Amino acid sequence: MRHPIRIQNLGGASAIILHRPHPNVQALERQLRAIGLTVSQAWPDLGPEALGADFIFFDADMGHDEQFPWAPGESPLPMVALIGSEAPGRIEWALRAGAHAQLLKPLGDSGAYSALLIARDAFDAQRALSVEIADLRRRLDERQTVVRAVTLLAAHGAKDDAAAYGQLRQMAMAWRVSFEDAAARVVARHTAGQDEDDRRDRG
Amino acid sequence: MGAKRPIKLGVLYSRSGDYAVLSEASRAGAMAAIAAVNADPALDLCFQPVECDPKGNADAYGPLCNDILAGGARHVIGCVTSWSRKEVIPVLERHGGTLWYPLPYEGFEASDHVVYTHACPNQHLLPLLDWVLPAHGPRGFLTGSNYIWGWEMNRLARERITAAAGEILGERFLPLGSREVGRIVEEIRHARPDFILNNLVGTSSYAFLTAVQALGRDDPALAPGRCPILSCNLTEAELPALRGACEGLVSAGPYFRPAEGGAFASSIEAAAFAAVRELARLLHGRPGAEAASLAALLGDGTGGMIDPVTHHTALPAIIARVEGGVFCALKTLPAMPGDPYLTHPRPAPAAPQLRVVS
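Protein sequence lines correspond, in order, to chains A and B.
For the record, in the first sequence the residue sitting at position 112 is 121 according to this note's numbering, with numbers rising by one throughout.
For the record, in the second sequence the residue sitting at position 141 is 150 according to this note's numbering, with numbers rising by one throughout.
Derived from the structure by calculation, the hints contain no laboratory data.
Worth double-checking, as some hints may not be accurate.
Stated by the list, open to error - Derived, one-sided and incomplete: chain A residues facing chain B with beta-carbon distance under 7 Å:
#	residue
1	Arg42
2	Ala43
3	Val48
4	Leu55
5	Gly56
6	Glu58
7	Gly120
Unchecked claim - Only some residues are given here: those of chain A computed to face chain B with a beta carbon under 8 Å:
#	residue
8	Leu19
9	Gly20
10	Glu38
11	Arg39
12	Pro115
13	Gly117
14	Leu126
15	Phe188
Keep in mind the model is a prediction, meaning the values are calculated, not measured.
Beta carbons are placed, not taken as given, at the ideal position from N, Cα and C, and that holds for glycine.
Make a model of the complete structure from these sequences and hints.
This is how it looks when you write it as C-alpha cells:
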C-alpha cells in the first residue's frame, strides 16, 4: 500500500550541496533557504558532517564515487542529482550513486521543493522495502529449519505432519515470535538438550 | 529636487470576467499609489503605468506580460489568481522582470521574480482554523474553485483538520466561473457540518454564498451563527456583489476596514497600494535601480517590508465576521512573517479556556 508522503518537517532540515562554487549553487541555495532549510556547501568531498545532514544535492557532471563517505547506492539520506550534461554515462553514474530525484542545470527559480519531497519519499520507500526484503529473505532461508522442526515434532508426539505444523504455530503464538523463530527454537532444543527441555517449552 | 525620473510600471489586471471585482479593488490600490508617488515631492521618480487587460483569460496573461516587459518595463503589478501568476513567471524569468503580487494565495512558492504583499496560509488559513475548530466544532465541509488555489487550500485544510482529530464531511470543486452550486448545497444540507470552508472564487463564490445563506434561513443548524462559512480571500470589495447575502460570513485577512472608516476600502486595495509604495521607496535615490534585478534591489540591506529570502511580507491576521454589513474583528493576531512553505514553527494556538471547577 502506498504511504502518504511527508510534507511537513522540512523546516530546520539541513542540506549539503556537493558542487563546485557556481551561480547554479547560489540559485539552489536561495530556493532551499526560502523553503526554510539550512544549507552548506562542500567540494570536492563530503565531510563527515554529511552523516548528520538531511539531504544531499550532488553534481552529476563532475561527480565520482570517492566523494561520498559511503558505498555507492548506500547513502543514509535522500540524494538529489544536479544534472547538466544529460549523457547516458553520467545519468548511469548518478543512478548508481543513489539519486532519489534530480534537478536539471541551469538551476533557476523552481524545482527544489518538489525534488526534496520526491527524494525523501523515494528514500523512505527504498528503506522500507529493504527492511521488508531482508525479512522475507531471512524467512526464506529458514524454510529448511521449519521442515526440520515439523519433522522433529511429528517424531515426538504429533500424530502427523499437519498436526506438527499446527503445534508449531501454537508455539509461535504462545512465545510471540515468528513461525521461523519458533522453528529455530524447536530445532535448537532437540539438537542440543534433546528431550530434557521439552517440558519447559510447553510451560 | 530636480525632475522626477519616469519609470514604466506594468499594470496587469482583468477588468472583466469572473473575478473582475477583485481585480478592480487591487487595481484601485495600485493606481492610488501611483498617483501618490507621482505627487510626492520627496520621491525622485514617477511611475508611468503601462496597462494591459487579459479580460479573465488565463492564457492571455503570459503574452500580455511579455508585451509589457518587452516595452521596457521591469516591474509589473497585478494578476489576481494563482493560475495567472503561474502563467507569467516564465515570462518574468526570461526578461528578468518582477511581479508585485498583492492578493492572498495558497503558498508553496517563493519565486526569485515575485514579491508577495498579501497573506499566505500561515497568515490566513491556519489562524482561521485555529479559531473555528474550538469555537464551532471539528466537522468541516470544503469547497473550492477547480485550480491550484482551491486544491491546495483544501489539501492544507484537510491536513490540519485531520491532525486536530476533526473530520471532513465533503470536498467539492467547481470550474472557475460556474454557478452550478445546487449539488454542493444539497450535500451540505445533509452533511450538517460545523463549518464550511469556501475557497470558491468570484461568481461561483457569490452564487454559493447566496444559496447557503438561503439554506440557513430554512435550517437553523446551518445558519451562520451555528455553521459559519469561512473564506481567506473575502473582503469588503466583494460584499456589494453578495447583495446582502453576507451576514455572518467569517473571513481572515491582514486588514478590515474599521466601521468608522479607514485609509483603504479593503485589504486587497491596501496590499496593492503598499506594493507600489514599497517599489517607489526601493527605487528612490538610486538612479538606474529600475533596471536592477529584484535580488539586487532587495540586497543592499535596504530594509523595508519585504523579506529578502522569501519575498513575502509580515502581516497581522485578523479573523472578522460580517455584522450589519461590516467586518467586525473576532480575533487579532500580531504581524507574523509570511512562511510560504510552512516550515517555521508557529506560535502555539491559544490554550482552550478551561476553568477550574471547584
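Discussion item. To test your reading of the hints: which numbers does this structure violate?
Written reply: Checked against the structure, the hints that fail are numbers 3, 4, 5, 6, 7, 10, 12, 14, 15, while the rest are satisfied.
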